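Use the sequences and the hints to build the structure in full.
Protein chains: 4
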Amino acid sequence: MTINLGIDTALFEYICQSVENTPFYKMMGIYLTALGPGEAEIQLKATPQHTNPLGLLHGGVLMSIADAAMGNAIRSLGIKGVTADCSTSFIASASLYGLLQAKGKVVKAGKRLVFARAEVFSNGQMVADVKGTFANVGTIDPGEKSDQHG
Amino acid sequence: MTINLGIDTALFEYICQSVENTPFYKMMGIYLTALGPGEAEIQLKATPQHTNPLGLLHGGVLMSIADAAMGNAIRSLGIKGVTADCSTSFIASASLYGLLQAKGKVVKAGKRLVFARAEVFSNGQMVADVKGTFANVGTIDPGEKSDQHG
Amino acid sequence: MTINLGIDTALFEYICQSVENTPFYKMMGIYLTALGPGEAEIQLKATPQHTNPLGLLHGGVLMSIADAAMGNAIRSLGIKGVTADCSTSFIASASLYGLLQAKGKVVKAGKRLVFARAEVFSNGQMVADVKGTFANVGTIDPGEKSDQHG
Amino acid sequence: MTINLGIDTALFEYICQSVENTPFYKMMGIYLTALGPGEAEIQLKATPQHTNPLGLLHGGVLMSIADAAMGNAIRSLGIKGVTADCSTSFIASASLYGLLQAKGKVVKAGKRLVFARAEVFSNGQMVADVKGTFANVGTIDPGEKSDQHG
Numbered sequence: 001m002t003i004n005l006g007i008d009t010a011l012f013e014y015i016c017q018s019v020e021n022t023p024f025y026k027m028m029g030i031y032l033t034a035l036g037p038g039e040a041e042i043q044l045k046a047t048p049q050h051t052n053p054l055g056l057l058h059g060g061v062l063m064s065i066a067d068a069a070m071g072n073a074i075r076s077l078g079i080k081g082v083t084a085d086c087s088t089s090f091i092a093s094a095s096l097y098g099l100l101q102a103k104g105k106v107v108k109a110g111k112r113l114v115f116a117r118a119e120v121f122s123n124g125q126m127v128a129d130v131k132g133t134f135a136n137v138g139t140i141d142p143g144e145k146s147d148q149h150g
Numbered sequence: 151m152t153i154n155l156g157i158d159t160a161l162f163e164y165i166c167q168s169v170e171n172t173p174f175y176k177m178m179g180i181y182l183t184a185l186g187p188g189e190a191e192i193q194l195k196a197t198p199q200h201t202n203p204l205g206l207l208h209g210g211v212l213m214s215i216a217d218a219a220m221g222n223a224i225r226s227l228g229i230k231g232v233t234a235d236c237s238t239s240f241i242a243s244a245s246l247y248g249l250l251q252a253k254g255k256v257v258k259a260g261k262r263l264v265f266a267r268a269e270v271f272s273n274g275q276m277v278a279d280v281k282g283t284f285a286n287v288g289t290i291d292p293g294e295k296s297d298q299h300g
Numbered sequence: 301m302t303i304n305l306g307i308d309t310a311l312f313e314y315i316c317q318s319v320e321n322t323p324f325y326k327m328m329g330i331y332l333t334a335l336g337p338g339e340a341e342i343q344l345k346a347t348p349q350h351t352n353p354l355g356l357l358h359g360g361v362l363m364s365i366a367d368a369a370m371g372n373a374i375r376s377l378g379i380k381g382v383t384a385d386c387s388t389s390f391i392a393s394a395s396l397y398g399l400l401q402a403k404g405k406v407v408k409a410g411k412r413l414v415f416a417r418a419e420v421f422s423n424g425q426m427v428a429d430v431k432g433t434f435a436n437v438g439t440i441d442p443g444e445k446s447d448q449h450g
Numbered sequence: 451m452t453i454n455l456g457i458d459t460a461l462f463e464y465i466c467q468s469v470e471n472t473p474f475y476k477m478m479g480i481y482l483t484a485l486g487p488g489e490a491e492i493q494l495k496a497t498p499q500h501t502n503p504l505g506l507l508h509g510g511v512l513m514s515i516a517d518a519a520m521g522n523a524i525r526s527l528g529i530k531g532v533t534a535d536c537s538t539s540f541i542a543s544a545s546l547y548g549l550l551q552a553k554g555k556v557v558k559a560g561k562r563l564v565f566a567r568a569e570v571f572s573n574g575q576m577v578a579d580v581k582g583t584f585a586n587v588g589t590i591d592p593g594e595k596s597d598q599h600g
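Chains as they are written, first to last, in this note's numbering: chain A, 1 to 150; chain B, 151 to 300; chain C, 301 to 450; chain D, 451 to 600.
One thing to keep in mind: the hints can contain errors.
Simulated crosslink set (DSS-like; lysine-lysine; CA at most 27 Å straight-line) [said to hold, decoys possible]:
| id | chain 1 | residue 1 | chain 2 | residue 2 |
| --- | --- | --- | --- | --- |
| 1 | A | Lys45 | B | Lys195 |
| 2 | C | Lys326 | B | Lys261 |
| 3 | D | Lys476 | C | Lys326 |
| 4 | D | Lys476 | A | Lys111 |
| 5 | D | Lys530 | A | Lys108 |
From the derived model, a few chain D residues whose C-beta atoms are all more than 10 Å from chain C [as the list claims (entries may be wrong)]:
| id | residue |
| --- | --- |
| 6 | Leu455 |
| 7 | Ala484 |
| 8 | Ala518 |
| 9 | Leu527 |
| 10 | Leu549 |
| 11 | Ala559 |
Keep in mind the hints are simulated off the structure, nothing from the lab.
In this text the structure is predicted, and so the values were computed from the model without any measurement.
Quick reminder that beta carbons are idealized off the backbone N, C-alpha and C, glycines included.
So, in structure tokens, the structure goes:
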């Protein structure tokens, strides 16, 4: 169940459906919990398959969920964004147990480029600080065939 | 089958085994094709589950394989590296079809920090330019229980 | 005149003096306006020598002031930090006219690494979003000869 | 004296002149030593005013010279590039003494975005590994009034 924090209903439904239908999100277990104007919250229930034998989540999992949070925060503004750059700082180890959350936020939406940030939390503790730059490749038409970048 | 480009046999076997046993690598389909002093080559056969409906590989897949290539390039020097920062530039779209390759290389191995780079290729075309900074957290003892960061 | 937002007086005086004595800061016109636990605010009065003929501040000026804001935010915790990585997103053009401000903040201070962020403002408008990773190379002794990294 | 490694003479003269006329470059002591198709080499003679009391060059100097090397490598292709992102890894300390060199290279020149890299050397030793993403904002007309981004 995704919470709508105030965006157009048609756009909201379009994004929710496109996230549910993204194969990579299904494989990773990524789902969308909240969507507002310029912000998105993504979650993932950690499982042993996300980890290495140290019992820690792999960095690729954190980068993937952060990219998804930023990409959908951008889509909440009706913008199709394609990731150009993604910079992640791993500030703490993420535990295997509990929930992984990523909160994405648009910092600046320009005609050419859109700048975003994401913070990733493991059991409520911040574990990754992420900055992303996206190419603005057009506007989303909720009527058209789903596109789910990010 | 992983090619040994010139590192100690015990260390080589240790790394190959640890990569094969990493759950996240299994889920992603990541495997190690070559390992030399300060360099590693990783591959992944793209499948529909790595993609979004546009038929393009998800950015998270590219960041994961690049992190793996850099992490194992560092381990080839007998160093345990933990990713501190990873910055990825998506210079071209990666196709669903064909092979995804990541070549990781150590730029500077310091006592505190290890700096690495990776280039990701889709069908031989470079699609991502990656830079990573890792904390040097100790030396690998091929005799000990496997650790598979990266 | 630098405002002390709550750090030890000896440390505060030490940092203020070291910033005043840093040759590169003098050349750039960088000065410290506020220092609190884990945060620092730096300013620079833009002059034509900071610009290119388009009347815009050079990117190097923004990266320098952001690095200075993060470095001094870290020193406010009594930590000597050496920049390992600095990632800057130029979200808008900075005007030649008016004041350039950088607000640095420590996100996580670890034993090995310290993670920080900075935001740069031109006339109150955010123009750069910055993320930095620093090596923690020791604690500051306000009694010793001044060191002014950052 | 700048070496022309094979670009159009009018464009070469235009870029050389614009670099000489950039106030920030003059203040920093930055000059262009070589320009080829998609590559640029910049130098700076370190002086005490670039340093902190530790006798090391300030990080801002390295980021500025790297940004200049990437920006001019892009201009050598006749493209006006505006820095969107710049990520610098400080792999070693740069000495006050001797020459600072930055070699910039275009990795991919797209219609929307141009990706570049730079390596900075102090006395021939690599001290910084840099990656930059630039917005492609148009083509250079060597006849028009000089623009010197980067």
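(request) Return the numbers of the hints above that this structure violates; sort them in rising order. (result) 2, 4 and 8
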